[in-house]
Amino acid sequence: MQSQNMLTDTGKVLLVLKKKKRPGEKFIETTLAICGFITVFITLGIVFELGKEALPFFSGPDFHLLAFLTGTTWQPQINAFGVLPLVMATLSTTFFALLIAIPFGIGIAVYLSEYASRKVRAFIKPTLEILAGIPTVVYGYFALSFVTPFLRSIFGKDVVEIYNTASAGIVMGVLIIPLIASMSEDALAAVPRTLREAAYGLGATRIETTCRVVIPAAISGLAAAIIVGISRAIGETMIVALAAGAGPKFTLNPFKGAETMTGHIVRVSGGDLSYDSIDYNSLFGISLLLFFITLSLNMVSQRVVRKLNEVK
Amino acid sequence: MDDLKAPVFVSTVHKRKRNEHGWKVFLTLTTSIGIIFLIVLLSNIINQSFGYVSIGYKVSPQELVGTNQPLETLSSPQLAEILRQRVSTGLLKQLEKEKPLAELSEPQLVNLIIEKVAKPEVVQTWTLWQSLIQKQEILQTASQKPDEKLVFYSWFRPRIVSTAQSSNPLTAGVRTALLGSLWIILIAILVSFPLGVGTAIYLEEYASESLLNRIIRTNINNLAGVPSIIYGMLGLAVFVRGLSQITSGAWLGLSGAETANGRTILSAGLTLALLVLPLIIINAREAIKAVPDALRQASYGIGATRWQTIWHHVLPNSIPGILTGSILAVSRALGESAPLVVIGASTYITMDPANIFSRFTALPIQIYQWTARPQPEFRNLAAGAILVLLALLLSINSIAILLRNRYKRY
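Protein sequences, first through last, are from chains R and C. Going by our numbering, the first sequence opens with residue -7, and the numbers climb by one from there. Going by our numbering, the second sequence opens with residue 29, and the numbers climb by one from there.
Misleading hints may appear alongside valid ones.
Said to hold, decoys possible - Listed next, with one range per pair, are the computed distances between beta-carbon atoms:
| # | chain 1 | residue 1 | chain 2 | residue 2 | range |
| --- | --- | --- | --- | --- | --- |
| 1 | C | T191 | R | T64 | 43 to 49 Å |
| 2 | C | K45 | R | A181 | 22 to 28 Å |
| 3 | R | A190 | C | I427 | 41 to 47 Å |
In short, the hints are calculated from the structure, not lab data. Heads up, the beta-carbon is just placed ideally off N, CA and C, and yes, glycines get one too.
Generate coordinates for the entire structure from the input sequences, incorporating the hints supplied.
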């Protein structure tokens, strides 16, 4: 310090403040920043590696984009690569999942945020957490050993096949309920109390307040929850691998077996797969498609949530 | 004055109240159905894990002993004698080579006899529910088949954890799969925990609002939403194929013919590390964010540097939260099977993994394969394995909850 505080002619002290060099600090900061960058590399890695492996498939002589997106047969043996059967099965399971998950998820969220007492909440919240923490392969087991026999006993054994998209979709819906419920509850809880009190002050009942004030105010948050639910349903694998059936089939009948995009990837890669075969490369093509679908859904949902937070 | 009519009030209060009441009942029902799902799911698994099993023997134990005495009551020389008489000379030599019969204990000999001579096979299984409801009928049909043995069997039993995979559901266990899972999880933690906590510290304590940092933040949220199977494909392309020299252990000279191709525990661990990384980061950020700013300012106020502040104040105060979040992320990885199937978990392994370059199978994979088999007894076995997995997850999660409650401060 002595050298830095110089006395000038007039007797004033000039204080020279200089930041002390701390190489250790700088080193730590750089290391941590590198950790952060690595996460970006994962995304780049996904796009690059999936793209690289899928390239021989997309640039192969048998590939036509139109045929890929609109073709109704997926049979690598005869070079028929129409992704529609896989997409249709994915849509079918997703549809059933949402049919279960949206009413139950939002219903539970409304009940928890508007009706439930503290005690009930303290009981239901952990239950939902347990439901969310059960591995998906267990849900797959549940679909195969409970829901399918249940459906078969209702609709008849000749109508419902052992492997069918309806059963996989229903169980997937149960899996997604906690996700939609917790996100929707956050959205409902973010609605200011004053809005509710104003409605009550006008004499509205609880359900009127909920339906006409709270839900409209939280609608974008609910939408975000549903979008995340859709993305989760599209990417879900083990349930469909166990319960939805094997072999790509173009069918709209939910009681018949069909193979979803994820189910196809798991089944084919689970066998002995040789590198650089058309099967191998086409899997990466499907994965890339899957990645971009879920990525765009997630980004839309995040944008909605961010907008919501800005408004607040 | 005549034009003015008295306003007409229609009382809707009654209707609205009824409406309100109806909705309340409906919402309560919805919520309770959510809980009912959980109960049905669990009871379905328990229903499949216990129940009567009718076992047929290639050579029945009575025939071996000659009398109605159970095998367990015989002495070890007698047991060894039975074994010598019944198994082929080649097999006998092999057994003697592993360990001389004279040195084996009685239970070990009994197990050997059952496995090599009696060869029990499942003829029919009943669920717990059936076993309770139709007990009389089951017992009656069983009494008509004297060569089959009817036992009340628990598929979820201590032995399932200690025995290796086998093609006979009565002797199959999850030992290899369980060890594989633990190895994989260990690697995933070692890689993702430092990386994840480092990123979280960077984002919460250092990062400015620059474009780059915004990209990192958005990217992490997006990664958390990427389906797990995509991570599997990434792992297949990068770790299994691209880095096969490293992940197969060839660079250390460790790879045998068995471990080739990079489909190893190391690849699986690294893949799951990528999968849980975003979850760990998000949870750790929340924990660090919860540390009050006053602590940081007090530390800066007495002249501490940034890292000193983080190391001595922020981290000690947020570590319970970070650990809780990480444990929850790890329990997610433990139940994950899709990426492991994709990067090539082996279908049939009876050897314990020797090192990180071994071929692997994991608990959820084992469950998946048993469930996918058509024979009902493998369904029962899968249910037993599911109970092992759920018990493991439950204990891990209880640790997280205990940790959270114990150190809850802010």
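Violations among the numbered hints: none
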